[in-house]
Every structure is written in structure tokens, then in C-alpha cells.
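Colleague: Protein chains in written order, with the working numbering: chain W, 5 to 306; chain A, 1274 to 1531.
Don't read these hints as lab results, they were simulated from the structure. Note that the Cβ used here is the ideal one computed from N, Cα and C, for glycine as well. Take the hints with a grain of salt, since some may be wrong.
[What the hints assert, rightly or not] Taking beta-carbon pairs under 8 Å as the criterion, some of the chain A residues facing chain W (in silico):
| no. | residue |
| --- | --- |
| 1 | Arg-1282 |
| 2 | Ala-1361 |
| 3 | Gly-1362 |
| 4 | Lys-1365 |
| 5 | Arg-1366 |
| 6 | Pro-1371 |
| 7 | Leu-1372 |
[What the hints assert, rightly or not] So these bits of chain A aren't anywhere near chain W, every CB distance computed over 12 Å:
| no. | residue |
| --- | --- |
| 8 | Phe-1308 |
| 9 | Leu-1364 |
| 10 | His-1405 |
| 11 | Ile-1464 |
| 12 | Ala-1511 |
The residues making up each chain are set out below.
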Amino acid sequence: MSERVVEVRDLRKTYGQVEAVRGISFHVDRGEVFAMLGPNGAGKTTTTEILEGYRTRSAGEVTVLGHDPVKRERALKERVGIVLQSTGIDPFLTVTETIEMYAGYYPSRRPTDEVIEVVGLTEKRDTRVNKLSGGQQRRLDVAIALAGDPELLFLDEPTTGFDPNARRNAWEVVKNLVALGKTVFLTTHFMDEAQYLADRVVVIADGLIVAEGPPASIAGREQMQTRIRFRLPHGAADPDDRVRRLADGTYELQVEANETTKTVHDLTGWALDHGLELEALEITLPTLEDVYLRLTGSEVGT
Amino acid sequence: MNDAALTVRQVRYTNRAFWRNPQAAFFTFAFPLMFLVIFTALLGGGTVILHGLPFNQSTYYVAGMSAFAIVTACYTNLAISVTFQRDAGILKRTRGTPLPGYDYLAARVAHAILMAVILVAICSAFGATFYHATIPGGIALLETFVVVLVGAGSFAALGLALTAVIPNADAAPAVVNATILPLLFISGVFIPIGSDAPRWVDVLGKAFPVRHLVEAYLGAYYGKPFFDFSWSDVLVVALWGIGGLLFAARRFSWEPRR
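Construct all of the structure, not just a fragment, from the sequences and the given hints.
Modeller: This is the structure we're talking about:
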């Protein structure tokens, strides 16, 4: 059996009258990337900060690397790296100085050059923090968290505010962490991020877990309908009763996943018979986003 | 590493960042020296009556500005800078590392005390060179050193305590100045409190630590016949410092206040 790095049972957190986390249970195994996916205000950061030891919990059991994080033990902090949702770095130190300063707090540490390389800041190693771009500072956040060679990394919305290119780069950084054998606890509200990075996902909405599983099959995703879309030349007849014509002129039909091959065959046969081209033909599996919207759409605001 | 080694190491990083921050370096270092030059240029020609004797104002200001330097480096600068670090999330990040919080704050305080000592040394050298303010020797020098250390440590503790009531970094300079500027004026830092000073200024000033710091410094640095050094002044400053430390220990916030 794989080793449990994080174990959470019936966690609750109440702020005054508001119950931000309403009884959630999950676990994280060693070596996996675990993503907590949910809209803003779902309880992601509250949960993460309880695991990190910043917040107390109202009820439930929490174990991180065998410790109760609320005790804020040094022995636990030495094994954990934290990338908070928003934190500052002293603006007047250089990248190298910053990483070395933080590395010095830990008993074991990774070589500074290696850490800088992992996050792709080698060219900026002697640049002061206040001369770095937002994306570069975020990568330095990850470098600082890595400096003490932690077993477990918390990444709270690591790519929020990034442009698409920077997000891609950040994802490669996380992939590098996995290659180093780290366990990663990630929160995000981006579907594609969870899909690309996570081994396992929990979807949280309104303080409750509404789905859990690998991104490919979460909430019966692999059994949801396939969507087929295409365009037809103006004036062509409709090919099939099941096809809907969308407002932009695109045709769409949704079929059970196990009927995809047959449907495509029928469609292309029909097109050949009529001498037509199925322009911009695309066949898409339901995205994690579809699943997510279905799950959170019914939960949020209830 | 043990706590002491961690703290010493942290002081070095704090120091490096301090000198690269033009505002911090300017306000901490240039202000007291600038005030010293301005006050002595404008008012330094006069005398103040102390114990019935005329005392040279320019000489007086060397001590006044030394006390001001201690307050600036330890109270003003520390409170503003730590509030900034708190609001920027630097304190929260540090809190998530194995570095004990008290080691981090001890390093900030130690650095502030170090800056105060250097500033007082500069003021003294300046005063000896230009304003006939002879640097004392022997016991008096030792007493002066104790006053500087106790004063710096106490005002640093009060600076940390004050961060607990500063709502955010934008408000920090206003809150810090509102608490300290009136005291500087009624405590003999900028204006000597002579025998002819209004009674309420005398009484009110003595209720707070700045006046005692100034008296202790004058007493230690110049001594008789103009001033009396009294350990009770040092004690009052130290008690304020302990009070500040206790308050900070209970109410200090590592995260931005909402």
C-alpha cells in the first residue's frame, strides 16, 4: 500500500457564521500530484492553509507527514515546502541570495544552482527580486519552497495571473518536481492545469467535495457523450435527425462514447454519397471543464 | 544551526537588504545628521539654562540627535519596515519555514540596535569635531553605552508592539509619526526642556520613555554640573521596553491584518 503523506477526515472550518469547509475527507499518497480544483471561494485556500499550519480547524482530523500541522512543529516544517497564493519576497536581495537565505533554515538542502535551474531562472541568478517579472517572481516562490529539499510541496494557485506561455513554463516546473520524487498538493481553478498535472483530482465547491478521481475518468467523464462538430456548404440538407444546427451555422451532435466510431462512419458515408465535405470536422471527448461546470454549476449558489 | 547562529546569519541578510533600500538607509541615517546640522545652524548659537547654568545649545543637540537616532533606527524604521514586510507577505512566508519566529524578529531587532549604535557613534564624532561636544571616557562612556543599548532595545520592542496596532503598510508612517513626533517635541530632543519650560510639558514628557532616554543620555554623556545621570531613567526606559515586548508577544501579527 502506498504511503499516506496527507490524511484529512471530516475537516470543517467556520469563520464566524460562515462555514467555509463543511466536512471534507481526502488523502494524498507519496509521489503523486494531487489537485484540489474549485471556483474562487470554494474553500481551497482555507483547506491548504490548515494543512500548512497557518489556520486552525474547527473540527476533523488532519495529519501531514505524521504530524498535526496546527502544532507548527519545526520537525514538520523542515520537510514541507510552501508556495502561498500571494506572498512577497524581499525586493533588495538577488535570486541567489534569496534562495540561499531560505535554504539556510533547513537541515537538508538542494544545491542553489540546481534549484535555480529547476525553475528556469539561471539567467536571472544575480538579478534583484524587484527587477523580476511577476512570472519570474512566482518561479522564485517555487525555488524558495524547494530550497530545503522538502518531501511535500504545497502549491496554492501557482499560475493565477500568468499569461499562457508562463503557465506552460510553470507546468514544466511542476513536472520537474515530480521527476525529483516530490509529492505535490496543488490547488487551482484551471481545469487544464489539473488535467495536465494531476494524478488525482478532487473537485470542491461550496466547502464540499463533489467529485474525486483521476482527471481522465473523474465523475464518469469517460462515459459522457462525445461531441461531433462540422460545417456544411450553404443549402445542404440536414444529414441526421440527431444533428442540431448551432447559431453560428456549425452542426453538432452528441453521441454515447461507445457509438462514436459508428456515428462518424455514418456521417462520412452520408457526406460522400452527397458529394459534400464535412468542413472543420472535430470530435471531442468531454473536457474536464464540462465535468467541472456540471458539478459546480449545480452546487454553487445553493 | 542553533538559534544564535541562525539569528546572526539573518542579521547579515537584513543588513544587506537594508543598505540596498535607498529609503530605509536615507531616513534612518541622513535624518538625524541632517537635523543635527539644521538645528545647530539655526539655534546652536544660543544657550539654554540648566540647573541655573548656561549650556551651549549646539553641544546639547549632539546628545538630542543621538537620542533621536536611537528612536529613528529602532522605533520608526523598525515599525514601518516590519509592517511593510507583514503586508507584503514576507513574514507569512518566513512563518512557513523552520526558522523560529523569534529568531527572525531577534535578527530585525539586533540589526536595528546595530544601526542605532553606528548612528550614535557618527553623531558623537560629528559633535566632537564641529560642536565642542567632548566624547566622555571611563565610567561615563560605559554608562552612555548602556543607555544606548537599553534605549535601542526598548524602542525596538515598542516598534514591534506598535506594528500590532498598525492596520496596514500605507498607514504605517502616519501611525508611527503620530505616536512619536509629539513626544520628540515635549521630551527635549528638538527643544531643550530648560528650567523655564511649562510644567505640563515636564509632567507629560516624563510619563513617556523618550524624555527618560534623553535625560539618561545627557546625564551619561555630559554629566555634572549640567546634568545628573540617574539609573532610574534607564529603568523607566527598560520597563517601557519590557511592556512593549510583552504586548508584541501577545498581539504581533505575521499576516496582513484585515
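Colleague: Each hint should be assessed against the structure and marked as holding or not.
Modeller: Each hint, compared with the structure:
With its C-beta approaching chain W no nearer than about 6 Å, Arg-1282 (chain A) sits inside the 8 Å limit, and its interface hint holds. Below 8 Å, beta-carbon pairs count as interface contacts, and Ala-1361 (chain A) has one with chain W at about 3 Å; its hint therefore holds. Here the hint on Gly-1362 (chain A) is kept, as its CB sits about 3 Å from the closest CB of chain W, short of 8 Å. Because the beta carbon of Lys-1365 (chain A) sits about 6 Å from the nearest beta carbon in chain W, less than 8 Å, this interface hint is met.
Of the supplied interface hints, the one on Arg-1366 (chain A) holds, with its beta-carbon coming within about 4 Å of a beta-carbon of chain W, less than 8 Å. Interface restraint check: Pro-1371 (chain A) against chain W, minimum CB-CB distance 4 Å, threshold 8 Å, status holds. The interface hint given for Leu-1372 (chain A) holds, since its Cβ lies 4 Å from the closest Cβ of chain W, which is under the 8 Å cut-off. No Cβ of chain W approaches the Cβ of Phe-1308 (chain A) within 12 Å, the least distance being about 26 Å, so the stated non-interface status holds.
The Cβ of Leu-1364 (chain A) sits about 9 Å from the closest Cβ of chain W, inside the 12 Å cut-off, so the non-interface label is violated. Residue-level check passed: His-1405 (chain A) sits 39 Å from the nearest beta carbon of chain W, beyond 12 Å. Distance to chain W confirms Ile-1464 (chain A) as a non-interface residue, since its nearest Cβ pair spans about 36 Å, more than 12 Å. With a closest Cβ-Cβ approach of about 31 Å to chain W, Ala-1511 (chain A) is found to remain outside the 12 Å limit, as its non-interface label requires.
The structure shown violates just one earlier hint, number 9.
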